[in-house]
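Undergrad: Note that the protein sequences, when read in sequence, are chains B and F. Take the first sequence: its position 580, counted from the start at 1, is 580 in the working numbering, and no numbers get skipped. Take the second sequence: its position 388, counted from the start at 1, is 1087 in the working numbering, and no numbers get skipped.
What the hints contain is simulated information worked out from the structure, not anything from laboratory work. Owing to the predicted nature of the structure, the values given are computational and were not obtained by experimental measurement. Check before you lean on any hint, since a few could be wrong.
Below 30 Å or equal to it, Euclidean Cα-Cα: the simulated DSSO-like pairs (lysine-lysine) are [unchecked claim]:
| no. | chain 1 | residue 1 | chain 2 | residue 2 |
| --- | --- | --- | --- | --- |
| 1 | B | Lys394 | F | Lys1244 |
| 2 | B | Lys411 | B | Lys459 |
| 3 | B | Lys404 | B | Lys394 |
| 4 | F | Lys997 | B | Lys679 |
| 5 | B | Lys394 | F | Lys914 |
| 6 | F | Lys858 | F | Lys869 |
| 7 | F | Lys997 | F | Lys1087 |
| 8 | F | Lys997 | F | Lys748 |
| 9 | F | Lys805 | F | Lys914 |
If you want the ones that stay clear, here's a sample from chain B, every Cβ over 10 Å from chain F, calculated [unchecked claim]:
| no. | residue |
| --- | --- |
| 10 | Glu2 |
| 11 | Val5 |
| 12 | His6 |
| 13 | Phe10 |
| 14 | Arg187 |
| 15 | Asp199 |
| 16 | Pro308 |
| 17 | Thr379 |
| 18 | Ser395 |
| 19 | Arg437 |
| 20 | Gln517 |
| 21 | Val625 |
Partner residues are not named here, just some residues of chain B that face chain F (Cβ under 10 Å, in silico) [to be verified]:
| no. | residue |
| --- | --- |
| 22 | Ser207 |
| 23 | Ile359 |
| 24 | Leu616 |
| 25 | Met654 |
| 26 | Leu672 |
Where a beta carbon is used, it is the ideal one built from N, C-alpha and C, also for glycine.
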Amino acid sequence: METKVHKFRFYNPKPISIQCVSYEKRLKLLAVARKDASIEIWDVNYSPYLIQVIPGAENASVEALAWVNNRLLSTGLGGALVEWDLEYLSIKNSVMLTGFAAWCLDVDNTKTLAAVGTEQGYVNLYSVSDGNIEYKRLFDKQEGRILCCKFNKTGNILVTGSIDTIRLWNANTGHATCRISCNRRGREVIVWDIGILSDNTIVSGDSLGRLTFWDGNTGDQVESFLSHKADILSLVISEDETYLYCSGIDPVINMFKKIVNADNPSETRWVKNIQRNIHEHDVRALVINDRRLISLGADGYVTLSSYPPKEVMRIPPMIPMPRTSVSAAKKLLLLRYNNHLEIWKLGSYATDDNGQVIINAGIKQRPNKHNNKEIEKDTELPIISKSKFEEREKSLEITEEPIKMASILAKSKKQILCCDISPSGEFIVYSTDTHVRMLKMDEDQGNVSLQKLNVNELKSCNRVLFSEDSQMMVASRASDLFVLHVDVDVGATLQQKIPTRKYLKEGSILHIILSTQTPNGIYLAAANTTGEIAVWLKKTKKFEYLLNLPKYHCVPCAMVIHDMILFISYVDQEFMQYDLAEQKLMGSGSKSIPCWGQRKMAAHSIVPHPTREALLFTDETALWVLDKHKIPEYYEPEVKRRPDIESSSRVNIMPVKYLAGFHWLTNSEAVLIEILPEKIVMQLPPIMHKKKHNMVISK
Amino acid sequence: MAKFHSYYVLCPLIDQNSFLGVNVDRENENVLVTLGRNVVNKYRLSDQKQIGGWTSKDHITSAVIYDTEQESYIGVFNKNTIKAWKDEGENLDKLKKYKFTANILKVIPRHNQTSLIIFENGNCASLPYGIENRKTYESKLFIKESETIIEVGSYNSDKQEYICFILKSKSTKRERYEILTCAVRDELGDLEKANVIREKVSRTDNVFVVGQLVKNDLVFFLWNDSKLSVYNLITKSWKKMVTVPWISTSSCVSLAWMGENHLILFGSNTDEDGAILVAFNVILGVGSCKYPMKMYTKDAKLYCFNKRIILQGSNHIAMVPYVVETDRNLSSLLGSHDIIPDNVTEIADWGTPTVPLFPVGNVIKDLWTKGLTERNLCAQIIPLLIEKNDLKGILEVLNEFKDIPESVIVSLLSYAIKIINPNSIDVTDEDAVQNLCFSEENKEKIELLKYLLQISFSDAIIIPHLRNSFTLSGALFLISFIVHVINDLEIHIVYESKLYDWCILLMDTFYQQYLITKDNKVTYVLDKLQKLTVSLIDNLNTINKAMPVVDKLIHGNQVPEEKALSSYTIELINI
C-alpha cells in the first residue's frame, strides 16, 4: 500500500559558517567551531557522526581549537584560553592571555605545550600536561598580530605567521631565531596559515594566493607557487609529509606532492598535483582523515572528499538530531531552530465521495538544477541511481495548507539543546544550557495559547523525550538520567534519578530511547559517546537496571526498541538486533545485506514500519527501507536485472536531498521534512570569490 | 537604416545571356533559379545549397514560378507551351504540354490568386482560364507593333485587380516609355479593354530613362540625370523627383524593391570603373547604404527575397543579405540632406500652355521643381500655414510629405496643443481630458495631433526644439493624451511603439522640471504613465512566458507541467 507522505519544506534553519577546526588524530575526533561560537564534536572514525554540541553564546568567538588528547581547548577574540568540559558541555577551566584577542592556538606533538598567538604580538606558552593549564612563558613581543602558529614535530621550534612576516622561535627560550620577510614589492602580505616539516622547511599560505616553501634554517625562499587566485586560508600537511592540501577564499582545493629525485634522494621538490573544485564558499579549514580530506568553511558543510576514488560527500549544516518531532494525534510538527521552536499543524488532502484520495495527474516535481556546473557533485551510490522508487510521483490535492501555530523563542535567546512534543500534542519541552521549559499548548478554534508549566529538579538536559502515553518524560544530563512524571496541572516532577556511571563508564549520554508499553513493562535504553549501551526496565513503578549490551568498537548512531527487540545502527554501518525479552544478541544483519556496506552516511534515526516487518533508516541524503523478508515482487522493476542487484531487493532506497526528519503519523501517513540544498545556499553569505568567464573577480 | 552584409555566390551562371530569372519557391527560404534554356535549379538561401532541380529538352523561355494556388511549378517552353509539375523527381519532358497559339511572355505569380499568363501581344489571362482556352485565345495585338513590354506588375485597388505594363517603343529616335494600366477581370484574368489607361513617361528636359520598376501600385523611373520619379498607379499621379546618389546613370541601372521604403539599385559606379549596389530610401530621398562591386553587368537581373538581394553577376548569381530599419536615427541623417545643385535649366515654353507634370498645390509646385528635399519644402511651407491658422492646409501638406523636419514637428505640436487649448481643463480630471480628447468639435485638431505623433523623427535633434518651444503644461497634456490613445483606442503596433518613444522623449526633455516642481499634476500624470508602462511590461512578460508554450503546442510537443517545487505537497510513495 502506498503511503501518503507529507513533504514539508518550510523548515529552513539558517546555516552557520564554520570558523575553525581541530582534529584529534588518535581518537579521530573533529572539533568544529561555528560562527556563533558553538562547538561540535564529530566522530570521524567511520561515517562522520556528530556526537556532541557545546552551545554557543552571543558575542562569543572561537578563533582556534586544539585537542590535548581527549581535552578540548579553545581561544578567541575574548582573549582567554578555555578548556571545555565535554561531559557537562560547559567551560571547565579558563585562563586570561597576555596581548588581548587571540587568533591562533597550537599544541605540540607530545601534548604538553600550548602556544597562543595574540593581537598584540605576544605568544603565550602554557603547559597543558596532567589535565592542567599552567602559564609557562611569554615569548618576546613582536610587531603586529600573530595569525597562525605551529610547533614542529619535536616541539622545540614554534613558527608563527603574521602580516608580512614569518618568525621561528625557540620554544624553550622564547627568543626568535629567524625572521622571514614575505612582503612582495611593498604589497602587504598576510600569512594566514603556516606549516613546518621535519627538515625545518616552512610552508606558508598567504593573502596573495601564494603557497611558499622556506628554508627554516636560513630564512630563504625555496619555492613559491601562485596556486590560488585569492587568499589561501588553510593548508594541511600529511602525517608522512609527502603531500599537502591548501585552499581558501578561492575555494579550489589544490594538492601538492613531494617528488624525490630518483638519482639523488636528498633532492626533493614540491609539485602541484590534483585540484578539486568542491566548494563555492571560502574554505577555512582542511583536515586529512586517513584517505579522506575533510574540508570545511563558510558554507557550513562538512565535506569529505577522496582521490582516488574520486568521491565527494557533503554533510549539510543542520540543527543536530533530534531536530524534529511530531504529535501524530494532533498532526503537529515541532521544529527546532538554533534558538527558537516552531509548531506547525500539517495540512490535509482532498478525498472524493468514495473516500478515495484525489491524485493530481503525475507531475514530477524536480528541484531546480544547481547552476554551477563546475562544482563537483556529491558522489551517488550506484544503488541509489538504480532505486526502485517510481519516477512518477503522485501528488495529492491539498485542501488545507500547513499552518504555523506558534513560534517559541528560547529563554534569553539561548541555543536550544533539545526539545520534544508529547505524542498527545499537549506538552512541549525544551532545554537550553541553563533552563528547562515545559509548555502546555491549547488550541481553541485557531487561537493557540501556551502556558508555562513547572519542571522540578531538572536544571538543564541534553536529551529529552516523552513516553508514548505522554505521562512520563525522560531526560539526560551528563551521565545522569532523569525520569519525570508529567501532569497537566502540576507540571513535571522528578520521579527517579538514575546515575549511569556504573554502567556507562565513560563519556556522556548520546542516545536515550523508550519502548512502548510491552508485556514486560517499559524499556529504557541509553548509549554513551564511547559506544556503551545499557538497558533499564520499568515493570511497575521504577526503572530497574536490566543489562548492558556487549560493547561494540564504535559509536551507535541510531537506536530503536520495537517488539522488545533493540535495533542499533553503528557508524560503521553495522546493524545489531538484541532481543530484550530473551536477553540475547540476535546477531548482526548488515553483512548479509549486500549493498548495506556501501552506505556512506551515518543513520540518524531508525523508524519501524507500522504495517510491515521493515525498518526505515534515515540519513541526510536518503531514506533506506530494510525489509526483514524479501520484498514482494511488485516492487521490482520489470527490466532484467543483474543478479547482484537481485539480492539487494530487501533494501529500498529513496534519495531525499536533504532529509531533516521522517515520522509516521498513522499506518498509511507519514511526514518527511526536507531541506533543499538551494535553500541552504540561499541563506549563506554571498560568495567572496567569483569565477566569471575564467576571470577572477574578488569582491 | 540599411546595411549590406558580405556577398556570397549563390550559384555559378552557365551563360549570362540565357539566364532567365529567379523566383521564390514554395518555402520562402528557397529560390528557383532558371539558369538557361534547359536547367532549373532549387537553392536554399541560408546555406546556398542546391536542394533540387530539373532539366528539360525543350527550351525554357521564361523564369519558372511556383504557383501557390495550384501548388505546382509552372514553366514556359518554346514561348508557346506551358507545363506544370509538382514534384522534385518529375521528368519535364514527359509532362502534359499546353500549347498556345499566341506567344507567351511570362507567367507572373500573384498574391493569394491564380498566376497570370502574360502574352507578348499584351494580352493576359489567368492560368486555368488561359489553359482552357489556349487554342482560341485572342492573338490580336493589344499593344502597338513598335512597342515591347519591358516590365510587368499587378496591383490591387479597391478590390479590383489591375495589371501594369511598362512599354518601350522604338519608333522614333528617342526611346519612348509609356505606362499602361488596365483592369483585370476576376477569375478569367483577361483585360477589360475599355479600361485601358496609358500614361506617357516624359520630361521636358533632354533626358532619358535608364531604369524602371513596377512595385505594387508604384512605378519608378530612373533618369539619366540621377533623378528618380515615382508614379502612383492608384492616384494616377506623379509624385516627386529625388536625386539618387553614388551611382552612374549614364548606363542601365537595375532596380528592385527592398521593402521598408527602400529601393535597391545596381549600376555602374560614378567613375564607371566598377559596379555599385545602392540602397535608397525613397521617402527621405537619401541613399542608405552602398556596396561596391567589381563588375558591372548591363541589364543585370536584380531581386530581393527573404531579406536577401539576389543579383546577376557576370558568371554567377550573387547573394547579399541585408538589414533594413525604419527608425530614423541621427547617424543615418548625417550629411544626407545636402542639396545637390540642380544644373538643369528649365526651358521656358512661351505661348503654349503647359500641363503641370505634378498636380500639387501652387505653393509647393515652385519648390518642387527646384529639386528640394522634403525637409526643406516643409520648413518653408508649414510655418506660413501655421501663421495663417490654416488647419486644412496643414493636413493636406502633411499628407504630401513623409520627411518632416523636427523643428516643424515641434511647432506643429505646439500649434495643435494651442488650438485644442488644454489649459481650460485640469489634467488630473480624467473625464475632462477624456471629453477634450474625444469630443466631436475637436475631432480635426485631435486628428492632427494623432498624425503628428506618427511622424518619425530623430530624438537627438528634436529635444532642443522641444525644450525651446514647448511648455511643461503642454508636455503634461501630451503625455495624458498619449496615455489615453494607448489605453482607449485600437492602434497599430508601430504607432504604439512610436507613442512610447514620445513618452520617453517627453520624460527626457522635461526631466529637471519634473524633479523640481512639486506640482500634483506632474505627479499625477507621471503616475498615470508609470501605470501604463508597468502594465505594458507585465503584458510583455506574460507574452514572454506564453511564447515557448505556444511554440511547443504548434510543434505538437506536449507541454510539460513544470511546477515550481512547492514547499508543501502530499505524495503517494511506496515505502
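Undergrad: Determine for every hint whether it applies to the structure shown.
TA: Now the hints, each set against the structure:
Note on Lys394/B and Lys1244/F: the hinted pairing holds, with a Cα-Cα distance of about 26 Å set against a maximum of 30 Å. At roughly 13 Å between alpha-carbon atoms, Lys411/B and Lys459/B fall within 30 Å of each other, so this suggested pair holds. Only pairs whose Cα atoms come within 30 Å are accepted, and Lys404/B paired with Lys394/B is accepted, the gap being roughly 25 Å. For the hint pairing Lys997/F with Lys679/B, the CA-to-CA distance comes to about 71 Å; that exceeds 30 Å, so the pair is violated.
With a C-alpha separation of about 62 Å, the suggested pairing of Lys394/B with Lys914/F is violated against the 30 Å cut-off. A hinted pair counts as satisfied when its Cα atoms are at most 30 Å apart, and Lys858/F with Lys869/F does not qualify at roughly 35 Å. Taking the CA atoms of Lys997/F and Lys1087/F, the gap is near 52 Å; set against the 30 Å cutoff, the hint is violated. Between Lys997/F and Lys748/F the alpha-carbon distance is near 27 Å, which keeps this suggested pair within the 30 Å criterion.
Annotation: proposed proximity of Lys805/F to Lys914/F holds, straight-line Cα distance about 17 Å (limit 30 Å). With a minimum CB-CB distance of about 4 Å to chain F, Glu2/B fails to clear the 10 Å threshold, and the non-interface call is violated. Distance check on Val5/B: its Cβ comes as close as 5 Å (rounded) to a Cβ of chain F, failing to clear the 10 Å threshold; non-interface status is violated. Not every CB of chain F lies more than 10 Å from the CB of His6/B, the least distance being 5 Å, so the non-interface label is violated.
Look at Phe10/B: its CB is around 5 Å from the nearest CB on chain F, not clear of 10 Å, so calling it non-interface is violated. Its beta-carbon lying about 45 Å from the closest one in chain F, Arg187/B satisfies the requirement of being farther than 10 Å from that chain. Distance to chain F confirms Asp199/B as a non-interface residue, since its nearest Cβ pair spans about 55 Å, more than 10 Å. The Cβ of Pro308/B sits about 35 Å from the closest Cβ of chain F, beyond the 10 Å cut-off, so the non-interface label holds.
At roughly 23 Å, the least C-beta separation between Thr379/B and chain F is larger than 10 Å, which holds for a residue marked as non-interface. Look at Ser395/B: its CB is around 5 Å from the nearest CB on chain F, not clear of 10 Å, so calling it non-interface is violated. At roughly 29 Å from the closest C-beta of chain F, the C-beta of Arg437/B stays outside 10 Å, upholding its exclusion from the interface. Non-interface call for Gln517/B relative to chain F: holds, since the shortest CB-CB distance, roughly 26 Å, exceeds 10 Å.
Distance to chain F contradicts Val625/B as a non-interface residue, since its nearest Cβ pair spans about 6 Å, not more than 10 Å. The criterion of a C-beta within 10 Å of any C-beta in chain F is not met by Ser207/B, whose closest approach is roughly 40 Å, and the hint is violated. Look at Ile359/B: its Cβ gets to within about 7 Å of chain F, closer than 10 Å, so that hint holds up. With a least beta-carbon distance of about 7 Å to chain F, the hint placing Leu616/B at the interface is held under the 10 Å criterion.
The closest approach between the C-beta of Met654/B and any C-beta of chain F is roughly 7 Å, which is under the 10 Å cut-off, so the hint is satisfied. Interface hint status for Leu672/B: upheld, as the beta-carbon distance to the closest one in chain F is roughly 9 Å, under 10 Å.
Of the numbered hints given earlier, the model fails hints 4, 5, 6, 7, 10, 11, 12, 13, 18, 21, 22; all others are met.
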